[in-house]
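Asks: Chain order of the listed sequences is E and W.
Quick note: the first sequence uses this note's numbering, first residue 304, plus one each step.
Quick note: the second sequence uses this note's numbering, first residue 304, plus one each step.
It is possible that some hints are incorrect.
Any copy, or any two copies together, can satisfy a pair, since identical chains are not distinguished.
Dumping the calculated DSBU-like pairs for lysine-lysine here, alpha-carbon to alpha-carbon at most 30 Å [said to hold, decoys possible]:
#: 1; residue 1: 569; residue 2: 507
#: 2; residue 1: 501; residue 2: 569
#: 3; residue 1: 325; residue 2: 569
#: 4; residue 1: 471; residue 2: 446
Since the hints were derived computationally from the structure, they do not count as laboratory data.
2 protein chains.
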Amino acid sequence: MRNKTILLASRPQGTPTLDNFKFEEREVPALQEGQVLLKALYVSVDPYMRGRMSDADSYVAPYKVGEPISGGIVAEVVESNTDQFPKGTVVLGNLPWQQYIVHHGNGLRKINPAIAPLSYHLGILGMPGLTAYIGLLHIGAPKAGDTVVVSGAAGAVGTVVGQIAKLKGCRVVGIAGSDDKTSYLKQELGFDATINYKTATDLKAAIKEACPDGVDVYFDNVGGEISDAVYLNLNNFSRIAICGQIAYYNSTSVPTGMRVEPILLKRKAMMKGFIVSDYAADFESAAEDLAKWVQEGKLQYQETIMEGFDNIPTAFLGLFSGQNTGKQLVKVAAREG
Amino acid sequence: MRNKTILLASRPQGTPTLDNFKFEEREVPALQEGQVLLKALYVSVDPYMRGRMSDADSYVAPYKVGEPISGGIVAEVVESNTDQFPKGTVVLGNLPWQQYIVHHGNGLRKINPAIAPLSYHLGILGMPGLTAYIGLLHIGAPKAGDTVVVSGAAGAVGTVVGQIAKLKGCRVVGIAGSDDKTSYLKQELGFDATINYKTATDLKAAIKEACPDGVDVYFDNVGGEISDAVYLNLNNFSRIAICGQIAYYNSTSVPTGMRVEPILLKRKAMMKGFIVSDYAADFESAAEDLAKWVQEGKLQYQETIMEGFDNIPTAFLGLFSGQNTGKQLVKVAAREG
Chain E
304 MRNKTILLAS RPQGTPTLDN FKFEEREVPA LQEGQVLLKA LYVSVDPYMR GRMSDADSYV
364 APYKVGEPIS GGIVAEVVES NTDQFPKGTV VLGNLPWQQY IVHHGNGLRK INPAIAPLSY
424 HLGILGMPGL TAYIGLLHIG APKAGDTVVV SGAAGAVGTV VGQIAKLKGC RVVGIAGSDD
484 KTSYLKQELG FDATINYKTA TDLKAAIKEA CPDGVDVYFD NVGGEISDAV YLNLNNFSRI
544 AICGQIAYYN STSVPTGMRV EPILLKRKAM MKGFIVSDYA ADFESAAEDL AKWVQEGKLQ
604 YQETIMEGFD NIPTAFLGLF SGQNTGKQLV KVAAREG
Chain W
304 MRNKTILLAS RPQGTPTLDN FKFEEREVPA LQEGQVLLKA LYVSVDPYMR GRMSDADSYV
364 APYKVGEPIS GGIVAEVVES NTDQFPKGTV VLGNLPWQQY IVHHGNGLRK INPAIAPLSY
424 HLGILGMPGL TAYIGLLHIG APKAGDTVVV SGAAGAVGTV VGQIAKLKGC RVVGIAGSDD
484 KTSYLKQELG FDATINYKTA TDLKAAIKEA CPDGVDVYFD NVGGEISDAV YLNLNNFSRI
544 AICGQIAYYN STSVPTGMRV EPILLKRKAM MKGFIVSDYA ADFESAAEDL AKWVQEGKLQ
604 YQETIMEGFD NIPTAFLGLF SGQNTGKQLV KVAAREG
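Next up, chain E with everything else stripped away, as it sits in the complex (with noise of 0.2 Å):
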């Protein structure tokens, strides 16, 4: 069977291109007992994938070159020697991309197709939601009536960060780079107050008419100017939650800028990188509340997702240029089952 596959072409200098990405031909292996045959529906393309292009000594193991890359992926079993799996059945798992994939079942996780449409399980009920979770309520640990900034406020994780930020009775302010995300936040999704970063002319001043009483939490996926910007506001005691630092990850230098450690200090502030894989023991009560939340409504989602599997690199590029809102997914096909 004509299988496709993406490879690790190179290693990226700087922003990555198409080139670095390679499309190759492989021969579907005829099953084994235990193992079934999935068939890719959903891809998530993620800006911490940026990272494992890299060789660089990072958190996750670096994709090899000439091997193909992987991240989390909804599949169906169209085959299977196992009655743990059986055909039809849809999975969550860190899979490679391709578009047929034989598995052992380890690790793959059972998809309840009456809780939410199939792709949110890549979404708000996976990752970037349990991210979005964690981080603001374990390390930014806001109380009502606290002023709450998200930046990167668009994007997967932004979008529940401020919305479970508006349920625990904050204001909350969204940075984003476009008027479309920004009144989207607003009107849609219940934000106080937005800002375009990009067409602001002062960044400190228009977060500081944002937030009159100061920020209390930083809920930070970008870092850059945007963030120094923040840091000029916090008040005392304030708590950042680092979760992304999309301003670095193509640089091939080390980054320089305002040092943020004298403001630390002087406002007392707390501030700390976190990745969700370390809460793990956190993660079924997080997804019981996000399932909850969503299915009461309390919690609007959006999703950019394009279609076609050879689409995959241009989507995955698209997230360094601020081109989705909401998250960013391929449907590389449809379910038979």
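With chain E fixed as given, assemble chain W onto it according to the hints.
Replies: Using the frame of chain E, we list chain W on its own:
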């Protein structure tokens, strides 16, 4: 009675100089009912006072131009109109830089001269000791076997940080600015390794060598490139207590340099600024531990004592060129009682 006082003559631009101070003679007013006449014995000079000399927005109120500078002083009651503080009592207070001070008694703390030399109450048993204790144990939270790095290691706070970390079973590495200081830390205080940042050719490599298992806790008094070199050796889940940032206290523009945020993310690390005065609820138990360790000989303590009221500004300025080993004080007068 003749009484000298030291006023803030002008706000410093950059590094303070003697010109920023002004000596004046004032009459000592007659005692009212309920008041005491204090004679200053020991005057504390501390880096944080630099911040109060500016009128920048800060966590402590700025000194006023034309008014006396104030800080921690150990003084003796030489006349008393209150039973609460009989003549001969030794007290600790936040007091103006004057030889004699008329005081209503509020906020003065009695000192027991039997437990330790009087000057210790401005150091290891006072704010610097409490700062070390609380910053290290509450924020750094070292576990036995952890590697703890302290910058400004030979200062009033740093010497206590390192010794407490040793008591807790950690590997302790101190960074200081002379071979005399590093020898003292290693030979007298039992630090496991030391780095002279003025002679090290490659600070990052020097820290790596001194911390073969990486850095779990960093207690930072200095900021700047010394801290950058530590950041580059942080372990996953490390903790950074920001106590001081003396590298920037005299800077006249917004400090810039290497970004720490991407490292905090990569290392899932936590950084928190703190000021000991926010932890008043913990002072009593902390002070008990410190006094016990001093009396048991488990905490060594060193002071640099300059003599004479007129030398207070000089002693203060010396803090910024690293003149002192241990706590810098000025002895103004001998005890009468």
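Asks: So, for every hint listed, does it hold in this structure?
Replies: Comparing the hints with the structure gives:
Both within a single protomer and between protomers do residue 569 and residue 507 lie at most 30 Å apart by alpha-carbon distance, with minima of 18 Å and 27 Å respectively. Taking CA atoms no more than 30 Å apart as the test, residue 501 paired with residue 569 passes in both settings, with 29 Å inside one copy and 27 Å between copies. For the identical chains of this complex, residue 325 and residue 569 are inter-copy neighbours only, at 28 Å across copies versus 50 Å inside a copy, given an alpha-carbon limit of 30 Å. In the homo-oligomer, the alpha carbons of residue 471 and residue 446 lie at most 30 Å apart inside one protomer (7 Å), although the nearest pairing across protomers, at 35 Å, exceeds that limit.
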